[in-house]
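Engineer: Respectively, the protein sequence lines represent chains G and Z. Residues 0 to 82 in numbering that gives the first Met the number 0 are what the first sequence lists, from first letter to last. Residues 0 to 858 in numbering that gives the first Met the number 0 are what the second sequence lists, from first letter to last.
It should be emphasised that the hints constitute simulated quantities derived from the structure, not laboratory data. Be aware that a few hints might be false.
As the list claims (entries may be wrong) - Restraint-style ranges between C-beta atoms, simulated for each label pair:
(1) P111(Z) / P52(G): 57 to 67 Å
(2) G62(G) / T204(Z): 24 to 34 Å
(3) R718(Z) / T15(G): 56 to 66 Å
(4) T73(G) / G765(Z): 34 to 44 Å
(5) D611(Z) / T15(G): 33 to 43 Å
Stated by the list, open to error - Heads up, incomplete: computed chain Z residues facing chain G, CB under 10 Å, no partners named:
(6) D229
(7) L233
(8) N574
Stated by the list, open to error - Only some residues are given here: those of chain G computed to face chain Z with a beta carbon under 7 Å:
(9) L2
(10) D34
(11) L36
(12) V43
(13) C63
(14) W66
No experiment lies behind these values; they were computed from the predicted model shown. Here a beta-carbon is modelled for each residue, glycine too, at the ideal position from N, C-alpha and C.
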Amino acid sequence: MALMIPCPTCGLRPYTEFWCAGELPEHGGEASEADPLETDFQRVWLRRNVAGPQVERWFHAAGCRRWLTLTRDTLTNGIHDGA
Amino acid sequence: MTALDFEGRQVPVEPGDSVASALFRAGVRVFSRSFKYRRPRGLYCLTGDCPNCQLVVDGEPAVRACVTPARAGQRVERPTGWPSPDRDVGSLLWHLRSLMPVGFYYKTMLRPRALWPMAERVIRRLSGVGPVARDRQPVRRERLTHYADCCVIGGGIAGLAAALAASDRGESILLADEGTIGEKLAPGPARTRALELHDALARRTGVTILERATAVGVYEGPLVPIAADDFLHLVLPKRVVVATGAVERHPLFVGNDLPGVWLGRGAARMAGAHRVAPGREMVFWGATEESLESLEVLRRAGVVLKGVVLPVGLARTLNPAEYPLIADGEIIEARGRSRVRSVIVRTTSGESEIACDLLVVSLGLEARSSLLRQANPAFVTGTGDVVEPHGVPPEPRREAGCFCLCEDVFTKDVADAWGEGFQSTELLKRYTTATMGPCQGAMCHRHLTGFVEARTGPAPASRATTARPPARPIRLEDLAAGARYPLEYRTALHDRHLGLGATMEWTGVWKRPERYGDVLEEYRAVRERASIMDVSTLGKYRIAGPDATEFLERLYPCHVKTIAPGRSRYSLLLNEAGYVFDDGLICALGPQGYYVTVTSGGADQAEGWFRDWAEAWSLEVHIGNVTATYGAINLAGPRAREVLAALTSEPVDNTAIPYNQHREVTIAGVKCRVLRVGFVGELSYELHHPRLESEALWDALLEAGKLCGLVPHGLEALRLLRLEKGHIIVGQDTDFDATPAKLGLDWAARMDKREFVGRSALERLGRLERDRELVPYRFPGPGAPLDGAQVLADGERIGYLTSSRFSPVLGHGIALALVKRTNGTVPSTILAEDGSGQRFEGTRAQGAFYDPEGVRLRA
Numbered sequence: 000m001a002l003m004i005p006c007p008t009c010g011l012r013p014y015t016e017f018w019c020a021g022e023l024p025e026h027g028g029e030a031s032e033a034d035p036l037e038t039d040f041q042r043v044w045l046r047r048n049v050a051g052p053q054v055e056r057w058f059h060a061a062g063c064r065r066w067l068t069l070t071r072d073t074l075t076n077g078i079h080d081g082a
Numbered sequence: 000m001t002a003l004d005f006e007g008r009q010v011p012v013e014p015g016d017s018v019a020s021a022l023f024r025a026g027v028r029v030f031s032r033s034f035k036y037r038r039p040r041g042l043y044c045l046t047g048d049c050p051n052c053q054l055v056v057d058g059e060p061a062v063r064a065c066v067t068p069a070r071a072g073q074r075v076e077r078p079t080g081w082p083s084p085d086r087d088v089g090s091l092l093w094h095l096r097s098l099m100p101v102g103f104y105y106k107t108m109l110r111p112r113a114l115w116p117m118a119e120r121v122i123r124r125l126s127g128v129g130p131v132a133r134d135r136q137p138v139r140r141e142r143l144t145h146y147a148d149c150c151v152i153g154g155g156i157a158g159l160a161a162a163l164a165a166s167d168r169g170e171s172i173l174l175a176d177e178g179t180i181g182e183k184l185a186p187g188p189a190r191t192r193a194l195e196l197h198d199a200l201a202r203r204t205g206v207t208i209l210e211r212a213t214a215v216g217v218y219e220g221p222l223v224p225i226a227a228d229d230f231l232h233l234v235l236p237k238r239v240v241v242a243t244g245a246v247e248r249h250p251l252f253v254g255n256d257l258p259g260v261w262l263g264r265g266a267a268r269m270a271g272a273h274r275v276a277p278g279r280e281m282v283f284w285g286a287t288e289e290s291l292e293s294l295e296v297l298r299r300a301g302v303v304l305k306g307v308v309l310p311v312g313l314a315r316t317l318n319p320a321e322y323p324l325i326a327d328g329e330i331i332e333a334r335g336r337s338r339v340r341s342v343i344v345r346t347t348s349g350e351s352e353i354a355c356d357l358l359v360v361s362l363g364l365e366a367r368s369s370l371l372r373q374a375n376p377a378f379v380t381g382t383g384d385v386v387e388p389h390g391v392p393p394e395p396r397r398e399a400g401c402f403c404l405c406e407d408v409f410t411k412d413v414a415d416a417w418g419e420g421f422q423s424t425e426l427l428k429r430y431t432t433a434t435m436g437p438c439q440g441a442m443c444h445r446h447l448t449g450f451v452e453a454r455t456g457p458a459p460a461s462r463a464t465t466a467r468p469p470a471r472p473i474r475l476e477d478l479a480a481g482a483r484y485p486l487e488y489r490t491a492l493h494d495r496h497l498g499l500g501a502t503m504e505w506t507g508v509w510k511r512p513e514r515y516g517d518v519l520e521e522y523r524a525v526r527e528r529a530s531i532m533d534v535s536t537l538g539k540y541r542i543a544g545p546d547a548t549e550f551l552e553r554l555y556p557c558h559v560k561t562i563a564p565g566r567s568r569y570s571l572l573l574n575e576a577g578y579v580f581d582d583g584l585i586c587a588l589g590p591q592g593y594y595v596t597v598t599s600g601g602a603d604q605a606e607g608w609f610r611d612w613a614e615a616w617s618l619e620v621h622i623g624n625v626t627a628t629y630g631a632i633n634l635a636g637p638r639a640r641e642v643l644a645a646l647t648s649e650p651v652d653n654t655a656i657p658y659n660q661h662r663e664v665t666i667a668g669v670k671c672r673v674l675r676v677g678f679v680g681e682l683s684y685e686l687h688h689p690r691l692e693s694e695a696l697w698d699a700l701l702e703a704g705k706l707c708g709l710v711p712h713g714l715e716a717l718r719l720l721r722l723e724k725g726h727i728i729v730g731q732d733t734d735f736d737a738t739p740a741k742l743g744l745d746w747a748a749r750m751d752k753r754e755f756v757g758r759s760a761l762e763r764l765g766r767l768e769r770d771r772e773l774v775p776y777r778f779p780g781p782g783a784p785l786d787g788a789q790v791l792a793d794g795e796r797i798g799y800l801t802s803s804r805f806s807p808v809l810g811h812g813i814a815l816a817l818v819k820r821t822n823g824t825v826p827s828t829i830l831a832e833d834g835s836g837q838r839f840e841g842t843r844a845q846g847a848f849y850d851p852e853g854v855r856l857r858a
């Protein structure tokens, strides 16, 4: 598989230079008042695992060493810049 | 005269020769023996599609001789046949074929079972396409990545035209052909046109043309790996144009695989380009305009025409006085033992036998569509014959003869398989192995679908089978291309370690000294005198900026605000699930922020983790990965201070640098950050310094250490030393879901903090019963079990030893065990079993095995 990732700093680069951290978890989101631990559990463990456009975090490990967020279609690998 | 070596014989090579044409000119007719029945096989397609001319060239097996240029001094052999490929005793198998029906592996030799390994050895020798040369020098091949707007596969007229058109639109082009441009075309207008297009294309900028480069497949992405002699080219285009053209139809009739039966293009190429007549007396069977061109080339080469079988329409265009025309006939059989002697022609008026030594068949084209079929149509298009072979008449649907040349599957086999119930293309393919050989169905795929279609009508049963890479045979070295370099990180002291005779070992990406000599001696140096170790591999970071303290406070499970400048604190690193993924030190520098270390293996991961959270919280914090900027040497042992004092005029006593604190001190002229740490349990100083000065510092320490017999220690000594202190190594003593509580390190996660990464998870997990725990055990007696030994209690397996060593200072075995808890506790006595047959009885220990009060490391 080949996949080109648009890195804001480095341009279009092959995916092998990146780590994929998967679906974007809701970082530091406000815990629900009712059951903060349940909210935390869902954020840590549950993923939508969609077949289609998915917002993901990628780290340009062999490049600028910065994170980027992009929308990737999990069916076609088509990439839309930005989240 | 240039010549190649063919089985010990010198065979002359002429300019433009392929291996196949040179051998054919020298009289070689049998090029290989078939896969199963050892039938003789001769040249057939000459386009690299059929399996017949696969030879061993310079020790490389399965080389397609017809598309391999002949070179002086090449060593060429036929792979199989005993006593010779020309006269192979194995050909008797053909007469025993009724004993080897389709799928006979599944039907016979089921019992006695013990006989199968013997039978297998015999079968392996008899079947197949020859042995792999074991003495061949491995070929190392690199990968080369190309970016292009458009990748064109196939350098025929269609491919060249498509490339020119794309170039006109401003696209960058990479075009690859498995041969050289125009080489498969017989001299004539088509070849001239191809060479003109090639010239025009080669003059453009933004165009790369790879010749003798074979596209292996079209992968998602798209990614097109192209195997060539120089590189495995990895092409990453925006779109792919497949222009692989078509191959002439492989006709089905009895004897269709005999040497002397040729496809029209192959015969014309041999006669026209290589100027060797493929035979003396020919029967020609054609059906297309193109077939007449091949006929003309052969006629001009002086081949005697014994019969020209054509449809009425084409036959009318030829002069009956010059051509022995047979209108509307068909060949139903080629006869002969090891080559064609005669053919049987059937016409409306009956059958007749014509003596000849050459049968050329040119009945139209089949798309060479494997690459097109395996690709995602969103970014791949086809052009030329691969999409729609032109001028192709309906195919005569005979069912006779050899169906699949590669796998030696005959039409009868396919019919038998059908009778046994394998009634779809996919099932027939799997059961008979037809289409599964080196040509990947190039010759027979159409027959397979046609066979099923004739019985069931159109899809789904007759649907084309799935095409997968590789589309062409490729070498193992292509698959391994570029894979031979594991990333190897070395510290600045690498050469020093080698100079001291160190045994190096891999730890993650780093090469580190495992030992320099006697591990016990290295161990004693630390416990009794002084010793140094290269710990430059530690992950090292500078965290600075206005929000640095808040950042680390929210990130780490320990208190960070309370670390006074000049002090350090050990901490675990937790992920959001509350699991320990690393550990290290936080050193407060004051206004300059923090100096943070993590374990050697975790440096890369930790950086990603820092940056992710800094971004998530939008904090103003600067993260500098200084792992490669600084070297670090740990100086440890009861006499470490004497060694240090000898190298500096600054104070290094217990009040100047107390335990768990750090200072900047110039040592042997090198500016160091000195960290008082305690991994090995003795007085130790970790000297962090600019890596360019590592060697000078190391040498100075070794020199000054002579006063107390200092020697360096390696990883094995370190593992024993830290185990005596009960210190964990993350990754060895932890598993994927190790919480601080599970490791017995509850204190490291300060639940009185309102927030840190993983806190909610720990709170959640704290409500659950903890099922496993990391516990120290001691084993009295002279030995210790191996790492990983099974732990038993009351006859039940309850866990394993994560680390286990014999402690010289204590005189008994010591271990950390990850064991199951029962009723909220772990057993006080266990048995450890490491597969050596010996059992070790262990008793529960508390805290550190060695110096539990930490008197020595605070000294």
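Engineer: Between T73(G) and G765(Z), is the Cβ distance one that fits in 34 to 44 Å?
Structural biologist: holds (36 Å)
Engineer: Checking hints one by one. Is N574(Z) an interface residue toward chain G, by the C-beta closer than 10 Å rule?
Structural biologist: holds (9 Å)
Engineer: With chain Z as the partner, please determine if L2(G) meets the hint condition of a C-beta pair closer than 7 Å.
Structural biologist: holds (6 Å)
Engineer: Using the Cβ atoms, figure out if G62(G) sits within 24 to 34 Å of T204(Z).
Structural biologist: With a Cβ separation near 28 Å, G62(G) and T204(Z) satisfy 24 to 34 Å, so the hint holds.
Engineer: How about L36(G): closest beta carbon in chain Z under 7 Å, or not?
Structural biologist: Hint holds; L36(G) Cβ to chain Z Cβ min 5 Å, cut 7 Å.
Engineer: The hint names D229(Z) as touching chain G; please verify it with the least Cβ-Cβ distance against 10 Å.
Structural biologist: violated (21 Å)
Engineer: Holds or violated: the hint that V43(G) contacts chain Z, with Cβ atoms closer than 7 Å.
Structural biologist: Where the cut-off is 7 Å and the nearest Cβ of chain Z is about 5 Å from V43(G), the hint holds.
Engineer: Take a look at whether the Cβ-Cβ distance between R718(Z) and T15(G) falls inside 56 to 66 Å.
Structural biologist: violated (34 Å)
Engineer: When you take the CB atoms of D611(Z) and T15(G), is the distance between them in 33 to 43 Å?
Structural biologist: violated (20 Å)
Engineer: Please check whether L233(Z) passes as an interface residue: C-beta within 10 Å of a C-beta belonging to chain G.
Structural biologist: With Cβ-Cβ at 8 Å, under 10 Å, it holds.
Engineer: That 57 to 67 Å hint for P111(Z) and P52(G) (C-beta), does it hold up?
Structural biologist: The hinted range 57 to 67 Å holds for P111(Z) and P52(G), with Cβ atoms some 60 Å apart.
Engineer: Taking 7 Å as the limit, does the beta-carbon of D34(G) come near enough to a beta-carbon in chain Z?
Structural biologist: Violated. Min distance 10 Å.
Violated hints for the displayed structure, listed by number in ascending order: 3, 5, 6, 10, 13.
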